[in-house]
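Student: Residues per chain, in single letters:
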Amino acid sequence: MMLEKEQKIAKQVERWDVFARLMPTAFLLTTMFLIVYGVIDFETAFYVGLVGFAVTAVVWWWWAIFTIRYLLVTLNRASKKLSEVNRDIKTVTTEIEALKNES
Amino acid sequence: MNLKQYAILKAVTNVISGFSMVTIICLGVAYLSFKNAFVFQDIKIEITNNPITAEKDIEFYMVGYKKHECNSTSVYGVAYAEDGSHSHRLDAFTKQYLRNVRPGEEVPNAWTMEVPADMREGGRYRVSMTGDFVCNYLIFTQEKSQTFDNILLIVDPRTK
Chain A
1 MMLEKEQKIA
11 KQVERWDVFA
21 RLMPTAFLLT
31 TMFLIVYGVI
41 DFETAFYVGL
51 VGFAVTAVVW
61 WWWAIFTIRY
71 LLVTLNRASK
81 KLSEVNRDIK
91 TVTTEIEALK
101 NES
Chain B
1 MNLKQYAILK
11 AVTNVISGFS
21 MVTIICLGVA
31 YLSFKNAFVF
41 QDIKIEITNN
51 PITAEKDIEF
61 YMVGYKKHEC
71 NSTSVYGVAY
81 AEDGSHSHRL
91 DAFTKQYLRN
101 VRPGEEVPNA
111 WTMEVPADMR
121 EGGRYRVSMT
131 GDFVCNYLIF
141 TQEKSQTFDN
151 ILLIVDPRTK
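In order, the protein sequences belong to chains A and B. Quick note on numbering: the first sequence equals residues 1 to 103 in the numbering used here. Quick note on numbering: the second sequence equals residues 1 to 160 in the numbering used here.
Because the hints were derived from the structure by calculation, they are not lab data. Virtual Cβ for every residue (Gly too), placed ideally from N, Cα, C. If a hint is listed, it holds; no wrong ones were tucked in.
DSS-like cross-link-like pairs, simulated, lysine-lysine; straight-line CA separation at most 30 Å:
{"no.": "1", "chain 1": "A", "residue 1": "11", "chain 2": "B", "residue 2": "4"}
{"no.": "2", "chain 1": "B", "residue 1": "10", "chain 2": "A", "residue 2": "8"}
{"no.": "3", "chain 1": "B", "residue 1": "44", "chain 2": "B", "residue 2": "144"}
Computed spacing ranges between beta-carbons, pair by pair:
{"no.": "4", "chain 1": "A", "residue 1": "53", "chain 2": "B", "residue 2": "83", "range": "50 to 56 Å"}
{"no.": "5", "chain 1": "B", "residue 1": "2", "chain 2": "A", "residue 2": "91", "range": "49 to 55 Å"}
{"no.": "6", "chain 1": "B", "residue 1": "121", "chain 2": "A", "residue 2": "50", "range": "50 to 56 Å"}
{"no.": "7", "chain 1": "A", "residue 1": "38", "chain 2": "B", "residue 2": "158", "range": "49 to 55 Å"}
{"no.": "8", "chain 1": "A", "residue 1": "5", "chain 2": "B", "residue 2": "134", "range": "55 to 61 Å"}
{"no.": "9", "chain 1": "B", "residue 1": "2", "chain 2": "A", "residue 2": "53", "range": "32 to 38 Å"}
{"no.": "10", "chain 1": "A", "residue 1": "48", "chain 2": "B", "residue 2": "141", "range": "16 to 22 Å"}
{"no.": "11", "chain 1": "A", "residue 1": "38", "chain 2": "B", "residue 2": "2", "range": "40 to 46 Å"}
Construct the entire structure; sequences and hints are all you get.
Tutor: Below, the structure written as structure tokens:
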């Protein structure tokens, strides 16, 4: 379950990476083409860009918040588990030493 | 595609994406600045021959400078009686104004307008001069309108 979620996040990061790489150029070229051929004017392109930028910013912000929260929870859980393992090792070490001393 | 080619492709797309983003932001800022700019700045319009005596035309004088390349499509005035009772449209030019003056420098401009026939009784008026323009800047074109209010006009009663 945990691994699945982490793989999902890794995929989402990859998708954001591709989006950030391609979207500005795709938007610029598409709007330039549409403006040159008179399909839209610059004002329309400007407002479409503004809305796209705002939507991307909001979606990215919430995605980042949820992902960071998930990573923090995972980190805390891992840290707790490591502490437990550490405590168990200490107990085992103490018991082994006790056994050694007895023998 | 091997790892090196993939790394090069990623770097190239990064650079192209960065340049696209910079271009989009620069164009957006330039457009907003152009869209919100007034046609004329440091503008002053006045009537130089108050009171307008019989058979004289109204002489306007204007100073101001344009930030962008703008061409006027229509210019007209509306004279509002000071008591608010009536108004007259001024759109008959007897001497034309300079059109398409250079942007970026202060160019004095002057024009003369006919006193409307129904203004014969004379009186004190406040004139609003309005200009409609088509402005160009870089790749942008925008229709703009600018009004200069409160120009005092005093018309003496006409005999004919």
